[in-house]
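Peer 1: Got chain G; can you put chain F on it based on the hints?
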Amino acid sequence: MIMSRREALLLPVSPWFIALSLLMSLLLSMLLGLSQALWLPDILAVSIFFWGIHQPRRVGMATAFILGLWMDVQHSALLGQHALSYVVLSYFAFSMHRRLLWFPIKEQMLQILPFFILAEVIGLLIRLSTGDDFPGWTMLLSPFIETLLWPVANFILLAPQRRASDPDANRPI
Amino acid sequence: MALESLDRSPPPFFRVGFAPLTKLIFFSALSLLLVFGDKQLQFTKPLRAGLSTLILPMQWLVLQPGEALSAMGTYFQNLEQAQTNLKAAELKVLQQSVRSQQVEQLQIENQNLRQLMGLQSSMAVTSQTAEVLFDVPDPYNQRIVIDRGQLKNVALGSPVIDAGGVVGQVTRVYPLTSEVTLLTDKDQSIPVLNSRTGARNITSGDVLAGQPMIELKFVPASADVKEGDLLTTSGIDGVYPAGLQVARISHIERRVDISFARIHASPLAELKGRHVLVLQPSAASALNKGKAP
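Note that the protein sequences, when read in sequence, are chains G and F.
Here the first sequence stands for residues 92 to 264, where the numbers follow the numbering used here.
Here the second sequence stands for residues 540 to 832, where the numbers follow the numbering used here.
Isolated chain G (complex conformation) (with noise of 0.2 Å):
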């Protein structure tokens, strides 16, 4: 991975916490979808963007694409509908990973606003080319919530691999 200026010296990722951490926002996902809510952002769209920039290696397509299946059984929506836009979002993430980290975090924001619209755009046109109805203007929000999600995303999936700041003579940094 490469080190933006800023950040400090990160310890490696484990494995489980990523697993973990997708498991917990997939329930979280499952559980404000239950609210109906279209402004609601998608979690777990976060998680795998987050993932998919930070550990490439790990959380790839194949991952988006089969939580993705999971969501739309779980919102009983077309199967494949969440599932294409996840992937989409992954690939994007792929293809930004190595550049995003090099902005502080408000221009990192403002680069992945645009992934995250699209996301909700291919969801938005699958269904409304099989024959529904446009839901409602309030889904276009939940792109800009998930945008906003980045820094708070930061901070918690990163914070198992920060260091512990206390320097003393035989531990410089």
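Quick caveat, the hints were computed from the structure, so don't treat them as lab data.
These numbers were taken from a predicted model, which means no experiment stands behind them.
Errors might be hidden in some of the hints.
What the hints assert, rightly or not - Residues from chain F shown here face chain G by an in silico Cβ test under 8 Å; the list is partial:
{"id": "1", "residue": "563"}
{"id": "2", "residue": "566"}
{"id": "3", "residue": "571"}
{"id": "4", "residue": "587"}
{"id": "5", "residue": "597"}
{"id": "6", "residue": "676"}
{"id": "7", "residue": "678"}
{"id": "8", "residue": "682"}
{"id": "9", "residue": "718"}
Unchecked claim - With beta-carbon atoms standing in for the labels, derived distance ranges:
{"id": "10", "chain 1": "F", "residue 1": "640", "chain 2": "G", "residue 2": "115", "range": "51 to 61 Å"}
{"id": "11", "chain 1": "F", "residue 1": "621", "chain 2": "G", "residue 2": "194", "range": "54 to 64 Å"}
{"id": "12", "chain 1": "F", "residue 1": "741", "chain 2": "G", "residue 2": "251", "range": "58 to 68 Å"}
Ideal Cβ positions, reconstructed from N, Cα and C, are used throughout, including at glycine.
Peer 2: Showing chain F alone in chain G's frame:
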């Protein structure tokens, strides 16, 4: 040393698998195949049934916070309120018992009359109660999930009713749960009978001013329809038993430029209730009766 014996495969450091674009194209094509398979060809049914059973434990886990909250709400409910609720329920049962006793008598009378006239007797409907687990999260359609499935003999297409009237129809059956499409869904139609005029119509779900409603289709602008007319199932579809209450007409819009009237009715069923009744489709029960010796 012969050249052939050299290991020419790259060291593991450079092994990155398929190119990202290849993977993107592969998975996108797979997703689109699933989308169209799911919409048009119906070959994804076993996959969906399997996955839905697999995610059942997690669905149960996700439902727990809501259950706990509502349980806590009931626990802290005022005793007085509980007592008034009980009183109201008892009163309702009393009123209904008078009615149901009349129904018994009427049914016997009706049967006798039908026998006298040589008409086919109407059949009894078998039913089972089910609990509503949750509303389907998909914002594009209106469905609920109930806790009875294939293992409890829920048949595809079974009508579902609650205390108020028709709720909808079972449209997907999984081993342990099933999905009910509400009658206010865009793709759900019910043949109905206007109980005042006896006119038969067909309905479909529609949204009017943000409120889920049903719309009467293909009614001429000159037809005799009034606000407050009661719509019941007509029973000619062989799915819904005749005489179930469906909706009451609430909006009528007659316009000169269209030869049809736009008629909306509000459903009588409490669509977000807790318990529902799943009926056997009447054609299916008739078939079963025919098979039985």
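Peer 1: Work down the list of hints and note, for each, if the structure agrees.
Peer 2: Comparing the hints with the structure gives:
1. 563: OK, holds: residue 563/F within 8 Å of chain G, min 4 Å.
2. 566: holds (4 Å)
3. 571: holds (7 Å)
4. 587: holds (6 Å)
5. 597: holds (7 Å)
6. 676: Since chain G brings a Cβ to about 3 Å from residue 676/F, closer than 8 Å, the hint holds.
7. 678: Given a least distance of 4 Å, the restraint on residue 678/F holds.
8. 682: holds (6 Å)
9. 718: With a minimum Cβ separation of about 6 Å from chain G (threshold 8 Å), the hint on residue 718/F holds.
10. 640/F <-> 115/G: 51 to 61 Å: holds (56 Å)
11. 621/F <-> 194/G: 54 to 64 Å: holds (59 Å)
12. 741/F <-> 251/G: 58 to 68 Å: With Cβ atoms ~59 Å apart, the hint holds.
The structure agrees with every numbered hint stated previously.
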